[in-house]
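Undergrad: Protein chains in written order, with our numbering: chain L, 1 to 203; chain S, 1 to 203.
No lab work stands behind these hints, which were simulated from the structure alone.
No experiment lies behind these values; they were computed from the predicted model shown.
Where a beta carbon is used, it is the ideal one built from N, C-alpha and C, also for glycine.
Hints may contain errors.
[Unchecked claim] Pair by pair, the computed Cβ-Cβ distance ranges are: (1) S:Val187 <-> L:Gln43: 30 to 36 Å; (2) L:Gln98 <-> S:Thr70: 57 to 63 Å; (3) S:Ser173 <-> L:Ala7: 53 to 59 Å; (4) L:Gly97 <-> S:Val153: 27 to 33 Å; (5) S:Glu35 <-> L:Lys174: 16 to 22 Å; (6) S:Val59 <-> L:Ser61: 18 to 24 Å; (7) S:Gly97 <-> L:Thr107: 23 to 29 Å; (8) L:His96 <-> S:Ser171: 40 to 46 Å.
Each chain, written out:
Number of protein chains: 2
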Amino acid sequence: MNQPVDADDARHLESLYSPLTQSVRNLIDLVIRSEADDDNVKQAHDLIEQAAHLLGSQVSSEPFGVRTTTDGGILTWGNVAIGMRNAIAPPLQVVHGQDGSAAADVTLGAPYEGPPGHVHGGVCALLLDHILGATAHRPGKPAFTGTLTLRYVAPTRLGDLRVNAWVESESESKTIAVGQITDPDGVVTVQAEGIFIRPKAKS
Amino acid sequence: MNQPVDADDARHLESLYSPLTQSVRNLIDLVIRSEADDDNVKQAHDLIEQAAHLLGSQVSSEPFGVRTTTDGGILTWGNVAIGMRNAIAPPLQVVHGQDGSAAADVTLGAPYEGPPGHVHGGVCALLLDHILGATAHRPGKPAFTGTLTLRYVAPTRLGDLRVNAWVESESESKTIAVGQITDPDGVVTVQAEGIFIRPKAKS
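Bound-form chain L, shown alone (with noise of 0.2 Å):
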């Protein structure tokens, strides 16, 4: 386990890399959409290579993991499904109900197509899967899936999105939920079920 990070790091830190993250994610976008003349794109080449050289003069040898910081935050920054510096993550900013319900509204562009104009399935599978264990994770105690069931029952298209799980049950060490998404229409296109674990903590 890493050392905490302290909490006033942790927040300068957040006003430098998300707004960087930011950027590299309509980076994303504009590589698949982009026309621009040849001159253009080798130019912006250059200068992505540059900006890995600057932000490539020091860096960790580990992936980001989970840290803590002095004030009892959790850093989950890397993570591909809703992390701040991972400009992979759209990302889903997951809010908790009291009910142990989770939700995130989420617009995804041309990055996660997979069939012609629509959401791929894998990344429907990835956002109801975090959202599902989203329900199971006790604070320091991360839930990992067991299984997990996708029905896909009307297209995903890319745009807005609604992305819900409900508990179904749970016990100490391990969690059902229930989630589907919702387009903008009201139309539920993927519905879930997930089976997550918590795993005892080492004596």
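Chain L is fixed; fit chain S onto it per the hints.
TA: Using the frame of chain L, we list chain S on its own:
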């Protein structure tokens, strides 16, 4: 449907965008792992904004979709799992067997993290959805995921992985496929079963 892309143009665009996208993949990783000085991070951010400005000088208003080439090729450059121009895609390089099987070797680093040091369960789902679906695709007849069931039987560490899928049964309109993720020790970490539907051609 878009006009077919001239085959020479497609080859030229690939030579331009393939290395660019690879640089953006590297950039995504560095944004997560960087420990560079503030000044370097800010300067990198400026360079990325400049690159985005250049790439954004002319853009398609549409996601990439699936395009054909004048020599009969199919371009899926925007696809989130396999897209040459999609920096989110590892990309999966799917190899099709003569028996209808599909396989890919892939290396997943920090950007695909969920639990510390491990691949996010939802990314495993994305890989498996794609590779199982690949057994069901027919030229010009994409298959959509109907249902997908995943069993997470062992932790999937970040690093080298093999993803495999086989056809279990099939009819004209659907394919039932099974598959798995295997780690470098030969341990199967995730098992999957999926039903993939080929929509009837519109007449």
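Undergrad: Hint by hint, note whether the structure agrees.
TA: Against the structure, the hints:
1. Separation of Val187 of chain S from Gln43 of chain L is about 46 Å and departs from the stated range, judged on CB atoms against 30 to 36 Å.
2. At roughly 59 Å, the beta carbons of Gln98 of chain L and Thr70 of chain S sit within the given window of 57 to 63 Å.
3. Between Ser173 of chain S and Ala7 of chain L the CB atoms are about 57 Å apart, so this pair conforms to the stated range of 53 to 59 Å.
4. Roughly 31 Å separates the CB atoms of Gly97 of chain L and Val153 of chain S, a value that falls within the hinted 27 to 33 Å.
5. At about 37 Å, the beta-carbon gap between Glu35 of chain S and Lys174 of chain L misses the expected band of 16 to 22 Å.
6. For the pair Val59 of chain S and Ser61 of chain L, the supplied restraint of 18 to 24 Å is violated, since their beta-carbon distance comes to about 36 Å.
7. Evaluation of the 23 to 29 Å hint for Gly97 of chain S and Thr107 of chain L yields a failure: the beta carbon distance comes to about 38 Å.
8. In this structure, His96 of chain L and Ser171 of chain S meet the distance hint of 40 to 46 Å, their C-beta atoms being roughly 43 Å apart.
Checked against the numbered hints above, the structure violates hints 1, 5, 6, 7; every other hint is satisfied.
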